[in-house]
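Asker: Sequence:
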Amino acid sequence: MTTLIILGPPGTGKTTTLLDLVDKCLVDKVNPNRIGFISFTKKSVEEAKTRACERFNKKADDFVYFRTIHSLAFRQLGMSPSEVLQRNHYREIGNSLGLSVTGYQQTDKDFYEMNKGDQMIFMESLARMCCEDYRYTYDRMNPDFSWQEFDLFIRAIKRYKEVKLLWDFTDMLQRFHDNGVKPEFDSIFVDEAQDLCRLQWKIIDQLTIKTKHTYIAGDDDQAIFRWSGADIEHFINISNKTNKKILTKGFRLPRKVHDISLLLSRRINNRVVKDFRPTTQVGKVEFTSRIDAIDMTKGEWLILVRNSYFEKDIIKYLRSCGFSYESRWDNSNNAESLKAALNWEKLRKGQTILVKDAKIIISFTSLKSKKPLKDLQDDDEITIEKFVKKTDIKQNKIWHEALDEISYEDRGYYLMARKQGESLVGKPRIKVSTIHGAKGGECNNVVVITDISAKTYKGMMRNPDDETRVFYVAVTRAKENLYIVQPQTNSFFNI
5 MTTLIILGPP
15 GTGKTTTLLD
25 LVDKCLVDKV
35 NPNRIGFISF
45 TKKSVEEAKT
55 RACERFNKKA
65 DDFVYFRTIH
75 SLAFRQLGMS
85 PSEVLQRNHY
95 REIGNSLGLS
105 VTGYQQTDKD
115 FYEMNKGDQM
125 IFMESLARMC
135 CEDYRYTYDR
145 MNPDFSWQEF
155 DLFIRAIKRY
165 KEVKLLWDFT
175 DMLQRFHDNG
185 VKPEFDSIFV
195 DEAQDLCRLQ
205 WKIIDQLTIK
215 TKHTYIAGDD
225 DQAIFRWSGA
235 DIEHFINISN
245 KTNKKILTKG
255 FRLPRKVHDI
265 SLLLSRRINN
275 RVVKDFRPTT
285 QVGKVEFTSR
295 IDAIDMTKGE
305 WLILVRNSYF
315 EKDIIKYLRS
325 CGFSYESRWD
335 NSNNAESLKA
345 ALNWEKLRKG
355 QTILVKDAKI
365 IISFTSLKSK
375 KPLKDLQDDD
385 EITIEKFVKK
395 TDIKQNKIWH
405 EALDEISYED
415 RGYYLMARKQ
425 GESLVGKPRI
435 KVSTIHGAKG
445 GECNNVVVIT
455 DISAKTYKGM
465 MRNPDDETRV
475 FYVAVTRAKE
485 NLYIVQPQTN
495 SFFNI
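Numbering-wise (this note's numbering), the sequence shown opens with residue 5 and increments by one.
Among the hints, erroneous ones may be present.
[What the hints assert, rightly or not] Derived CB-CB ranges, DEER-like:
| # | residue 1 | residue 2 | range |
| --- | --- | --- | --- |
| 1 | Ser150 | Leu419 | 48 to 54 Å |
| 2 | Arg179 | Lys462 | 32 to 38 Å |
| 3 | Lys350 | Lys206 | 26 to 32 Å |
| 4 | Lys249 | Thr301 | 40 to 46 Å |
| 5 | Glu304 | Ser411 | 26 to 32 Å |
| 6 | Gly303 | Pro187 | 28 to 34 Å |
| 7 | Trp151 | Glu409 | 46 to 52 Å |
| 8 | Glu136 | Arg294 | 40 to 46 Å |
| 9 | Asn37 | Arg179 | 20 to 26 Å |
| 10 | Asn338 | Gln492 | 25 to 31 Å |
| 11 | Ser150 | Thr20 | 47 to 53 Å |
| 12 | Met83 | Tyr140 | 42 to 48 Å |
| 13 | Lys120 | Arg294 | 25 to 31 Å |
If you're looking for bench data, these hints aren't it; they were derived computationally from the structure. Fair warning: this is a prediction, and the values are worked out from it, not measured in the lab. Note that beta-carbon positions come from the ideal geometry of N, C-alpha and C, so glycine has one too.
Construct the entire structure; sequences and hints are all you get.
Answerer: Here it is as structure tokens:
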């Protein structure tokens with residue numbers, strides 16, 4: 005049995021390297037069912053599976069064990085979706101305790117940005133993922149609620165699951181670790197290993213006991229999920245004790261971006277030293293006092309914030325400029341009012357639209373209570389002549405006159421976009437994201453906002469390595485140009 009650690013700094017082709025090794029397995033006539041590809045995120049697994057199918061001319065079903073650990077546990081335990089705790093169940097538990105619960109567990113949302121109920125859900129699971137005592141987890145997280153409240157929640161959720169015969173995602177891993185049938189592999193590939201928690205590492209240890217070849221890939225410098233349980237020290241320790249290969253050729257970072265990334269990585273005290281080369285491009289790094297000093301009128305952009313609530317101000321600025329954008333919370337091209345405006349202009353140009361789209365138009369006019377199209381089927385087509393006859397809306401009115409109940413803010417945004425020549429149809433060219441949400445992504449132009457929340461700042465004072473890793477990930481998303489916006493508040497990360 006052999007184990008190889010593959011350390012892949014940003015943009016050095018880690019996934020390609022792993023697929024080259026998968027290719028070698030297939031050339032050696034290893035059955036795809038004897039190959040395991042396990043990763044922390046579904047995104048990573050799907051990318052690897054898609055690339056493997058294209059590269060090896062196989063179907064997705066051929067790679068049965070290309071899975072996240074949760075998905076593998078779910079399959080091996082023979083579970084059904086009806087056995088899994090859902091958001092409505094969490095809300096029911098919260099209601100019984102007088103807690104507000106959304107049930108959403110987002111990997112890019114800081115613990116202190118969650119509401120009280122979601123914090124309890126997170127902490128209850130975190131303790132088990134880290135194989136910790138509940139009280140120990142409570143003390144180190146130091147939440148704004150009492151231990152008695154948390155203990156009551158722990159007992160309530162346990163009782164609820166027992167009565168309803170339901171399991172949560174951490175239960176899956178615990179059951180799989182304790183009793184689940186483990187598949188046997190000739191070769192197993194573990195990607196994004198720096199993000200695995202202690203319970204997941206225990207499962208990996210079980211899976212690799214009888215495996216001939218084990219490949220564990222990751223980058224401790226990009227380990228930004230300690231707050232959600234990642235056991236970074238375990239990955240660093242095995243990297244220092246096991247045979248390792250460091251990928252040294254960079255395919256993403258131009259020289260100037262590479263230079264600043266090295267300065268950041270050298271500020272991390274506990275790390276595996278990794279030297280890698282930039283591309284042949286020079287690139288650009290520019291420090292600016294304000295985001296509005298950056299010319300974003302053309303090209304594709306990725307704007308990164310540390311805490312999700314900073315996105316609101318960024319989106320407000322983008323709307324004032326008439327730029328198309330997307331974020332987890334908002335998408336400029338998906339607004340119902342925009343669809344209504346576009347469909348109205350289609351009608352005015354002599355095109356037909358579906359009745360269901362015509363009803364959206366009416367919903368943004370003062371006629372919406374009259375339901376003039378109620379006698380028509382949603383999938384029927386309607387012309388401007390028929391629409392005008394039924395609604396009395398004048399054909400000569402342009403969209404912002406005819407649709408008189410589009411909000412002032414939306415109307416102003418669409419008019420500004422048109423003035424700028426910005427397309428609001430298709431994929432937006434500017435993406436706003438938290439740094440955690442953008443991990444694994446890249447863009448030609450990257451803007452990094454250096455402000456952080458007060459609680460994140462306090463955490464940075466206690467453990468500067470973790471916050472340095474977060475901003476290391478941020479700057480290494482840039483393929484060409486990196487813009488660093490200097491802080492506007494007293495809480496910030498100093499790049």
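Asker: Does each hint fit the structure? Answer for all of them.
Answerer: Against the structure, the hints come out as follows:
1. Ser150 x Leu419: 48 to 54 Å: holds (52 Å)
2. Arg179 x Lys462: 32 to 38 Å: holds (37 Å)
3. Lys350 x Lys206: 26 to 32 Å: violated (58 Å)
4. Lys249 x Thr301: 40 to 46 Å: holds (43 Å)
5. Glu304 x Ser411: 26 to 32 Å: Taking Cβ atoms as reference, Glu304 and Ser411 lie about 28 Å apart, which means the hint holds.
6. Gly303 x Pro187: 28 to 34 Å: violated (46 Å)
7. Trp151 x Glu409: 46 to 52 Å: Roughly 51 Å apart at Cβ, these two residues keep to the hinted range, so it holds.
8. Glu136 x Arg294: 40 to 46 Å: Given range 40 to 46 Å: holds, Cβ gap about 43 Å.
9. Asn37 x Arg179: 20 to 26 Å: holds (23 Å)
10. Asn338 x Gln492: 25 to 31 Å: holds (29 Å)
11. Ser150 x Thr20: 47 to 53 Å: Since the Cβ atoms of Ser150 and Thr20 sit about 50 Å apart, the hinted range of 47 to 53 Å holds.
12. Met83 x Tyr140: 42 to 48 Å: violated (29 Å)
13. Lys120 x Arg294: 25 to 31 Å: For Lys120 and Arg294 the Cβ distance comes to about 35 Å; the hint is violated.
In terms of the numbered hints stated before, the structure departs from hints 3, 6, 12 and 13, listed from lowest to highest.
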